[in-house]
Every structure is written in structure tokens, then in C-alpha cells.
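Turn these sequences into a full structure, and let the hints steer you where they fit.
Take my numbering: the final residue in the sequence shown is number 553, and no numbers are missing along the way.
Since the hints were derived computationally from the structure, they do not count as laboratory data.
These numbers were taken from a predicted model, which means no experiment stands behind them.
Watch out, some of these pointers could steer you wrong.
Unchecked claim - Computed Cβ-Cβ distance ranges for the label pairs, DEER-style:
(1) 440 / 180: 50 to 60 Å
(2) 513 / 353: 29 to 39 Å
(3) 69 / 540: 51 to 61 Å
(4) 343 / 294: 16 to 26 Å
(5) 306 / 74: 16 to 26 Å
(6) 170 / 236: 26 to 36 Å
(7) 346 / 236: 25 to 35 Å
(8) 69 / 300: 29 to 39 Å
(9) 540 / 451: 17 to 27 Å
(10) 346 / 294: 26 to 36 Å
Claimed, not checked - Restricting the straight-line Cα-Cα distance to at most 25 Å, the calculated cross-link-like pairs of lysine-lysine (PhoX-like) are:
(11) 140 / 72
(12) 117 / 140
(13) 419 / 322
(14) 527 / 61
(15) 455 / 49
(16) 455 / 390
(17) 262 / 170
(18) 322 / 262
(19) 72 / 61
(20) 262 / 61
(21) 68 / 140
(22) 170 / 527
(23) 294 / 322
(24) 170 / 159
(25) 419 / 390
(26) 160 / 170
(27) 262 / 455
(28) 159 / 140
(29) 160 / 140
(30) 49 / 61
Just so you know, even glycine gets a beta-carbon here, dropped at the ideal spot from N, CA and C.
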Amino acid sequence: MAVADQGTTPGPLGHNPGEWWLTTDAAVPTAPCDKAGPSATDEALAKQLNPRMKNAMKGHLTAYRMSCGRVVTQTVRDRGLNQRAAAIAMATIIVETRMHNNKVATDHDSLGLFQQRPSMGWCDPKSLCYDAVHATNKFLDEMQKKYPNGSWNNAKIGDVAADVQRPAAQYRYRYQVEADDAVLIADTLWNQSGQAPGTSAPVQAVYEPTTRTTEVFARGIDNRLIRLWNTDGQGWSQWVAHGDWQMKGRPAVVYQPNTDTTEVFARGMDNRLIHTYNTKGAGWSDWHVLGDWELTSDPVAVYQPNSKVTEVFARGMDNRLIHIWNTESSGWSEWHAIGDWQFRGVPAVVYQPNTDTTEVFAHGMDNRLIHVYNTKGAGWSDWHVLGGDWEIASDPVPLYQPHTKTTEVFARGTDNQLIHIWNTEGSGWSEWHAIGDWQFKGTPTAVFQPNTNTTEVFARGTNNRLIHVYNTNSGGWSDWHVLGEDWETASDPTAIYQHGNNTTEVFAIGTDKRLIHIWNTQGSGWSAWHALHDWQLAS
15 MAVADQGTTP
25 GPLGHNPGEW
35 WLTTDAAVPT
45 APCDKAGPSA
55 TDEALAKQLN
65 PRMKNAMKGH
75 LTAYRMSCGR
85 VVTQTVRDRG
95 LNQRAAAIAM
105 ATIIVETRMH
115 NNKVATDHDS
125 LGLFQQRPSM
135 GWCDPKSLCY
145 DAVHATNKFL
155 DEMQKKYPNG
165 SWNNAKIGDV
175 AADVQRPAAQ
185 YRYRYQVEAD
195 DAVLIADTLW
205 NQSGQAPGTS
215 APVQAVYEPT
225 TRTTEVFARG
235 IDNRLIRLWN
245 TDGQGWSQWV
255 AHGDWQMKGR
265 PAVVYQPNTD
275 TTEVFARGMD
285 NRLIHTYNTK
295 GAGWSDWHVL
305 GDWELTSDPV
315 AVYQPNSKVT
325 EVFARGMDNR
335 LIHIWNTESS
345 GWSEWHAIGD
355 WQFRGVPAVV
365 YQPNTDTTEV
375 FAHGMDNRLI
385 HVYNTKGAGW
395 SDWHVLGGDW
405 EIASDPVPLY
415 QPHTKTTEVF
425 ARGTDNQLIH
435 IWNTEGSGWS
445 EWHAIGDWQF
455 KGTPTAVFQP
465 NTNTTEVFAR
475 GTNNRLIHVY
485 NTNSGGWSDW
495 HVLGEDWETA
505 SDPTAIYQHG
515 NNTTEVFAIG
525 TDKRLIHIWN
535 TQGSGWSAWH
545 ALHDWQLAS
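Next up, the structure:
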């Protein structure tokens with residue numbers, strides 16, 4: 015049992031304006047925020063941030079406090095909210111308990127990080143008030159009730175926190191005083207907390223057919239874009255860092271065959287979209303910012319060859335779908351929102367060349383699959399729910415199969431099994447179906463192999479090993495199989511098909527943070543896992 019060193023503070027509701035917060039230290043028993051306890055990373059981050067704090071936390075961050083902040087931040091991410099929501103929650107727990115998860119009430123019956131009161135319906139049994147995940151979600155529930163439709167994004171951090179907590183009037187100012195420190199803590203934890211459930215693989219790959227080059231992009235541990243490549247089987251290059259700009263999350267990459275250009279998009283440290291590109295023979299450009307809108311998800315990109323348009327999608331600050339596009343020789347558009355439905359996580363996009371349709375899928379706020387589409391000349395459709403009442407626990411993964419003109423979407427179901435739904439042109443959408451009974455973590459990845467008309471799905475098993483299942487030419491789905499013996503992965507996989515040599519290649523981050531890969535060239539069977547050089551990747 016840890017012991018808090020802060021004085022008592024008021025709970026979120028029902029306080030007499032005459033009550034004062036004590037400023038003397040008091041020994042208050044606390045509960046762990048993470049059952050596994052603080053980590054070495056928590057301790058390192060506390061030391062890193064202590065001299066940068068300006069107010070109550072200056073010199074007082076500890077591994078325990080950072081572990082509590084980490085759990086709060088991860089809960090916000092898991093809910094599909096953004097870093098501002100994490101900062102609002104962080105400012106609240108700094109003011110309420112100095113980031114300690116109190117097991118014993120010192121002010122009325124207020125408990126936990128947020129000083130929530132069982133007598134006022136915040137938790138039953140009372141131990142839920144010091145369950146950090148439950149308490150954070152209760153705080154966020156109240157925040158979204160008081161600030162509907164994402165309106166908390168446009169209010170001061172301190173005002174939102176105070177409106178949820180409802181302290182005596184003379185204490186409201188304290189939440190805004192802690193706002194800057196809260197933003198710094200939340201942003202640091204957001205970028206260090208690893209891949210949130212439901213996000214896409216942190217490694218992205220593209221195949222450039224004119225040079226038969228496979229190129230892999232990732233975020234290095236210094237938050238810069240790094241890349242390596244293999245041209246026509248000549249062996250892998252060393253890692254190369256691209257420029258000095260830093261980024262969050264994972265990059266998105268798209269190849270434009272008409273200009274032989276590879277373009278990379280990412281979310282900058284200020285949450286704006288940044289991009290860089292390489293037109294063969296000209297070298298890589300500098301980084302550039304696209305538009306002024308801020309993103310709360312990683313971007314996804316698609317190239318539409320019929321109209322020669324590159325289009326980028328992301329989740330905006332209000333959790334709605336936003337997009338920006340570039341038609342060859344016309345320059346980049348402004349940002350625009352598509353509809354008013356909100357969603358979680360990262361959207362997914364697929365292009366259907368037979369109908370010249372771009373279709374976007376997302377993880378709805380009620381955990382159902384939603385989609386919106388644009389068939390050229392018809393404008394964007396309304397949002398629709400697919401699959402009735404089935405819920406998904408990951409971002410969706412769409413795939414287009416040209417031989418049958420079928421769009422198929424895969425996801426992790428609420429039982430952690432693979433589920434899929436599909437639409438063959440002219441037939442409408444199927445119902446959801448499960449594939450096998452193996453369970454896995456995170457978000458799957460899928461690839462179509464045109465030479466054999468095979469759809470193959472890869473995922474990170476519950477024991478962290480790579481598993482796969484496949485369907486060849488409508489012959490039914492195989493059983494699940496493990497690939498690569500005993501090597502474990504520390505991220506979701508990403509897969510790519512290389513037309514030049516009929517090879518399917520899968521990449522992931524290994525347990526030592528290095529890039530690992532495994533491949534299957536038609537007729538040769540799967541290779542063993544191999545590591546690619548010594549650079550470490552951010553997950």
C-alpha cells in the first residue's frame with residue numbers, strides 16, 4: 015500500500031462554499047492505479063518532467079503518480095477521445111489529489127483520484143471510486159454530458175474540469191492554474207503509452223512497382239520519421255531518418271503510379287497534418303504542413319487512379335471524419351468534415367476501381383461498424399451502420415478483391431475473435447460472421463494476393479505470436495496457424511503483397527523494439543523471422 019503525501023481536497027459535488035482545502039501534508043492510504051505497479055518508464059518520465067513543471071507538481075512527480083497519469087491517459091485513448099480530454103482529466107487529478115488514488119476519505123466520503131463520492135452515485139461499491147479506469151470513465155461521462163458533441167474541445171481546460179467537479183466558487187481557478195502542466199504530462203504519456211487498443215499497426219509499408227522496391231516507414235524513438243527499403247531483392251538498406259520534424263503515432267503512406275511518387279503523411283506534434291514526398295529521381299522533399307485543422311487520430315491515405323486524386327482522412331477534434339485532397343496539378347484543398355457522426359480510433363479507407371468509389375469505415379461510438387462512401391460525381395453518402403447489433407473491439411480493416419468485385423471488412427469482435435462482413439457488387443452487405451475461434455490482440459491486417467486470388471489475415475495472438483488465416487479463391491477459410499515459431503511481437507502486424515516476386519511480407523515490432531519481418535514467396539513456404547538492423551522503433 016502506497017502512502018499519499020498531500021493534504022485533503024473537496025470532492026466533485028455538494029461542497030459548502032465555506033469549506034477550505036487543507037494545505038498541510040497528510041498520510042493518506044492509496045490504491046495502485048495499475049495493478050502491476052509503477053514501471054521503470056514511469057520513473058524515468060517523472061525525472062524527465064519534474065524540472066519542467068511550473069506549479070503543484072514541480073519536483074513532486076513520482077513513478078507512482080506517473081503510473082496513475084498513465085492509466086488515466088490510456089483510459090481516455092481507449093474511449094476514443096483525444097489528448098485534450100486527457101489533459102482535462104489530468105488537471106483534475108492534480109488539483110483533487112495531487113495524482114494520488116486515495117483509498118480512505120479525508121473530506122466527506124470522497125475517494126480516488128477524482129475524489130468521487132459513493133453517497134452521490136459515483137461508485138457502487140465504493141471501491142470502484144479508487145478503480146482508476148472506472149473513475150476516469152465516470153469523469154468522462156460527466157464531462158460529455160455537460161459538454162455534448164465535443165464542445166469541451168473549445169472550452170478552457172480549467173473551466174471544463176471545474177464544471178465537472180463543481181468545487182466551491184473560490185476554488186474554480188485552481189484547475190486552470192494546473193492546465194499547462196496537465197497538457198505536458200498528458201502529451202508525454204500519450205506518446206509513451208504505446209499502441210492503444212484499436213489503432214493501426216505502427217509500421218507502414220509500400221511497394222513501388224517501377225523499381226520493385228518495398229519501403230518501410232515508422233516513427234523512431236526520437237519521434238522522427240525513419241525508413242528503410244529493399245529494391246528487387248538486393249538486400250535491405252540501413253535505416254535513414256528523414257528531416258528533423260517530429261510526429262505522433264504512425265505514418266500513412268501512399269504510392270501514386272502516374273507520377274511515380276511515394277507520399278508520407280503524419281500527425282505533427284501540434285496535431286496538424288504534415289507530409290513529405292519523393293518523386294523518383296528528385297529525392298525526398300522537406301516536410302510541409304497541410305491545412306490548419308487539428309487531428310485526434312493518425313491519418314489514412316488513398317490514391318484514386320481514375321481521377322488522379324490523393325485523399326487523406328482522419329478523426330477531427332470533435333471526433334467527426336475530416337478529409338483533405340489533392341488532384342494532380344490543382345494543389346491541396348482545405349479540410350472538410352463529412353457528416354456529423356462521431357467515431358473512435360482511426361478510420362479506414364478503400365478504393366473500388368470498378369465503380370470509382372471511395373469508401374470509409376470507422377468504429378462507431380456505440381462500437382458498431384459505420385461507413386460512408388463517395389461514388390465519383392454523386393457526392394458523399396450519409397453515414398450508415400453495417401452489421402446490425404454486432405459490436406467491434408478494434409478499428410476496421412477493409413480490403414477490395416478485384417476478381418469478385420468484393421469489399422470485405424475485418425475486425426476484432428468483443429470476444430477477441432476475428433469477424434468479417436462483405437459486399438459483392440450488386441448483392442448488398444452480408445451479416446457479420448466469425449472466422450475460427452482463436453483469440454488475438456489489437457487490430458488485424460489483411461492482404462489480397464491476386465496471383466492465387468487469396469485473401470490472408472494476420473493478427474497478434476494472445477501469446478504475442480503471429481497468427482494467420484486465409485481463403486483461397488472462395489474455397490473457404492483455413493484454420494488458424496502460428497507463423498514464426500517462438501518469436502513474439504510487440505505490435506500489431508502490417509502486411510504487403512509484392513507483385514514483382516509474388517511475395518507476401520509481414521512486418522512488426524519485436525520485443526526489443528527492432529523491426530522484424532517474415533515472408534512467403536509463392537511455392538517456397540514461410541521463412542523464419544528476421545530482424546532488420548539495430549534501430550529502435552516507437553510503438
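Status of each hint after checking the structure:
1. 440 / 180: 50 to 60 Å: 57 Å, holds
2. 513 / 353: 29 to 39 Å: At 35 Å between Cβs, range holds.
3. 69 / 540: 51 to 61 Å: Once the Cβ atoms are compared, 55 Å apart, the range 51 to 61 Å for residue 540 and residue 69 holds.
4. 343 / 294: 16 to 26 Å: 18 Å, holds
5. 306 / 74: 16 to 26 Å: 37 Å, violated
6. 170 / 236: 26 to 36 Å: With a Cβ separation near 32 Å, residue 170 and residue 236 satisfy 26 to 36 Å, so the hint holds.
7. 346 / 236: 25 to 35 Å: 28 Å, holds
8. 69 / 300: 29 to 39 Å: 38 Å Cβ-Cβ, so the 29 to 39 Å window holds.
9. 540 / 451: 17 to 27 Å: 22 Å, holds
10. 346 / 294: 26 to 36 Å: 21 Å, violated
11. 140 / 72: Violated: residue 140 and residue 72 sit about 31 Å apart, past 25 Å.
12. 117 / 140: Measuring from Cα to Cα gives roughly 9 Å; hence the hint holds.
13. 419 / 322: 21 Å, holds
14. 527 / 61: 23 Å, holds
15. 455 / 49: 20 Å, holds
16. 455 / 390: Roughly 36 Å separates the two Cα atoms, so the pair is violated.
17. 262 / 170: Cα-Cα ~23 Å, so holds.
18. 322 / 262: 28 Å, violated
19. 72 / 61: Given pair residue 72, residue 61 holds - Cα atoms ~11 Å apart, limit 25 Å.
20. 262 / 61: 22 Å, holds
21. 68 / 140: Cα-Cα ~34 Å, so violated.
22. 170 / 527: The hint is violated at about 38 Å.
23. 294 / 322: 17 Å, holds
24. 170 / 159: 16 Å, holds
25. 419 / 390: 17 Å, holds
26. 160 / 170: At roughly 14 Å apart (the allowed maximum being 25 Å), residue 170 and residue 160 satisfy the hint.
27. 262 / 455: 22 Å, holds
28. 159 / 140: 22 Å, holds
29. 160 / 140: 24 Å, holds
30. 49 / 61: The given pair, whose Cα atoms are some 22 Å apart, holds under the 25 Å limit.
Checked against the numbered hints above, the structure violates hints 5, 10, 11, 16, 18, 21 and 22; every other hint is satisfied.
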